[in-house]
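*Asks:* Here's the letter readout for the chains.
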Amino acid sequence: MSIEKGMISSRQTIFLITNVIFATEIQFLPALLTRYAGQDAWVAVLLAAVLGLLLGALVIHLGLRFPRQNVVEYGTELLGKWGGRVLGMILGLFFLYAAGAALRELGDHLVTAIMPETPLVVLNALFAIVIAYGVYLGLEVFARVSEILFPTFLIMGLVGALFLIPQLNFELLKPAFVHPPMALLRSSMNIYSFYGEGSAILFLIPCMRHSEQAPRINLKVTALLTIPLILLVVMEIAMFGAPETSRMISPTLELAKMISIGGFLERIESFLLALWITLVALKVMLLYYVALLSFAQVFNLCDYRPLVLPGAIILVSLSMLVFTDVTQTREFLSTSWNIFAITLETGIPIVLYILALVRKKGTTRQGGSTNEETT
Amino acid sequence: MRRQLKKLRIWKPGCLCLLIIFLAGMGAGCWNRTEIEQLGFVTIMGIDTAGPQDVLVTFQMALPRMLTKGTGGGGVPGKAYFNASVRARNVSDAVRLFSEEDAKLVRLKQLSVIIVGEDLARRGVLADLDFFTRKAQLRRSIWVVAAKGRAADLMIKSGTLQVPLPSKYISTILERKEILTGTRYPVNLAQFMSMVTRPGIDALMSSIELTPILSGLSPTEKKDAGKEVQSMAFAFRGAGVFKKDKLVFFLGPSETRGVRWLQGRVVGGTITVPVDSQGTWASLVIHSESTKVTPIVRPDGIRFQVEIKEQGYISSIQRGDLDVSQPKYVRLLEQEREKAIRREAMAAIKKSQKLHSDFIGFGEKIYETNPSLWNQIEKDWDDQWLPDLSVDLKVSCQIKHTGLTAEPAKPIL
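In order, the protein sequence lines correspond to chains A and B.
Per numbering that gives the first Met the number 0: the first sequence = residues 0 to 374.
Per numbering that gives the first Met the number 0: the second sequence = residues 0 to 412.
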């Protein structure tokens, strides 16, 4: 018996998963990409898209073998009772950690860029209240919110980008392909570690109204992630040049600050920033929800809601403790986070998938929609 | 049952009240909000040297009250700003010292122009511009200009300008697409930083100076003009050339347009032909232009092929016998125009070679097309390759129309 009774459509799943990756990757990532790959950063984005498609195919394939169960449930089936609990704890802690880190990035960004005198803990606590409330209301609620907010942000961003075109100098993208393949792969790993957060879809597939549509999500999510990121990276390089972009803390914010509509409408970045905050809040909501869900599963609770409030307090403390400063955040995101995240995000699905194949558990794709696995 | 209901009746409004109070407290503004009357808006910052290490930072503060005053009555609006100078170890320190002295909270969000003094620019600007790239209130679309002379001097003398707020005046001029003059080189902070940090190109920065608005008058005429002679205006004649981040030279207006020709960035302006003094023939308006720069790498050296294609029209003709209703005279004007453009472009190239500063960006063209070669020659580019660079300049002009009149009027004999 699944804990979550809400159902979401496949479009909502697309936006939720895209948002979980997109919201924070646009903040630091372009700077990290240009640090290793210079003006070839867009190639790294394409490389990461290929890797992301592969991971997506793996994860969705795994999920569809058990269309009415989430990863902890069939993990228990595959690994045994205690193995499943360990898996649930690992996943829960990982997603809680990712949620805390994302919350910290949001808070740090607001403190450095807009409200330098506001204490970080106040911002984080306020966001945590909203996030906890959203998670308390359930998956359906914030899935619907993301269906509204994510496209709005994309459209606003594109409109803003149109006004930047006259300032761009695309010559700065030349020469292409000068960076060695290893450097490109290195920076595509940076993106890939963010893409891996999309493996939260393992918890969403059983909640999809038509889970048989899940394979189609893969391509759409990848396109929704790759195209905006490439546009963003290209525009940043064409605006500031690759060396300058790599020095910036948040090139995307700097880019938004350059928007000037007809010379009289300026400071548009506040709108974009406000929308971006909601996106990050949604991201943290999903990660936090997934973490609570797997904890509830581990401890055999019949609902995750009692965990929301105590969890929120842990989330805020975690977000305060996870990094000491922005320099460390950047360093962490460009080095350790890759190894840490990729191991878990890719390793766990691979291990589970191999186990499912070996132990011949779960349905094959054809039987996916009729699901005889329902408990 | 009843008890529960009663409980609910108290709890619900109670919670709502608490929520409203909480939201009222939180929603009223950000943590660090200040009333607008207590804010001091910095509009221009001038940076000069003060001693071997220190800097002199001049703040031009807006006086919002004076700005609104002028709108009611007619006449010349009074100046709506004051200047304040602070000597400090660096810009950030100066801002701090200034905020300590000023009763109002110093706010940099309205800063739109940074004026770099000449002596500071010669010392190197990156260390002092760093503050502006870090500060959250600022954006990289701020204009940076290099003063001829001291920045503080320029800002103090801007009191004779007939404008209430010089910063607005400067940014309006620099933002304007150069319809009338292609001889400026406006650069904002983002572009300047990008040029300094990119391989194969040295930076340019628009120069700024004050000139009397009646500068063309003869001494006696000046005497008659009386007080108006003192009126000054900002002029942006040319650009400062940087080597790494140090100013080395100020280009003149026509050399600056030469750089723009070579970069394909001339969008307007007029050229008066012929360039050599054989009397004035005609003035021609530049309408559009495109430039193609191709490096040709041969074992014996590097050559550049530059193709400038320009289109324009006639704005005035001085000589009555220049019958532009006949195509051959139009061709003649086109040839003269090509000569003029060639001269401007060659002047810029010569200057670049003489100064060993690649502000035109030839090196960048090599980097773009042949990055491995560039890595080999990057170190010696400015000092060994650039001075001996040969450039094949091909200029082709087209006069698209002659304005609303064909041939010039001739008096009947």
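Bear in mind the hints are in silico, worked out from the structure with no lab data behind them.
Do not take every clue at face value.
[As the list claims (entries may be wrong)] Not everything, but these chain A residues come out facing chain B in the computed CB check (under 10 Å):
id, residue
1, ILE2
2, GLY5
3, MET6
4, SER9
5, LYS173
6, PRO174
7, PHE239
8, ILE248
In this text the structure is predicted, and so the values were computed from the model without any measurement.
Glycine is no exception: its CB is placed at the ideal position from the N, C-alpha and C atoms.
*Asks:* Indicate, hint by hint, whether the structure satisfies it.
*Replies:* So, going through the hints one by one against the coordinates:
1. ILE2: Violated - the Cβ of A:ILE2 stays beyond 10 Å from chain B, reaching only about 28 Å at its closest.
2. GLY5: It is violated, given that the least Cβ distance between A:GLY5 and chain B is near 26 Å, above 10 Å.
3. MET6: 30 Å, violated
4. SER9: 36 Å, violated
5. LYS173: 4 Å, holds
6. PRO174: 4 Å, holds
7. PHE239: At about 5 Å, which falls below the 10 Å cut-off, the nearest Cβ of chain B leaves the hint on A:PHE239 intact, so it holds.
8. ILE248: Given a least distance of 9 Å, the restraint on A:ILE248 holds.
When held up to the earlier numbered hints, the structure conflicts with 1, 2, 3, 4 and fits the remainder.
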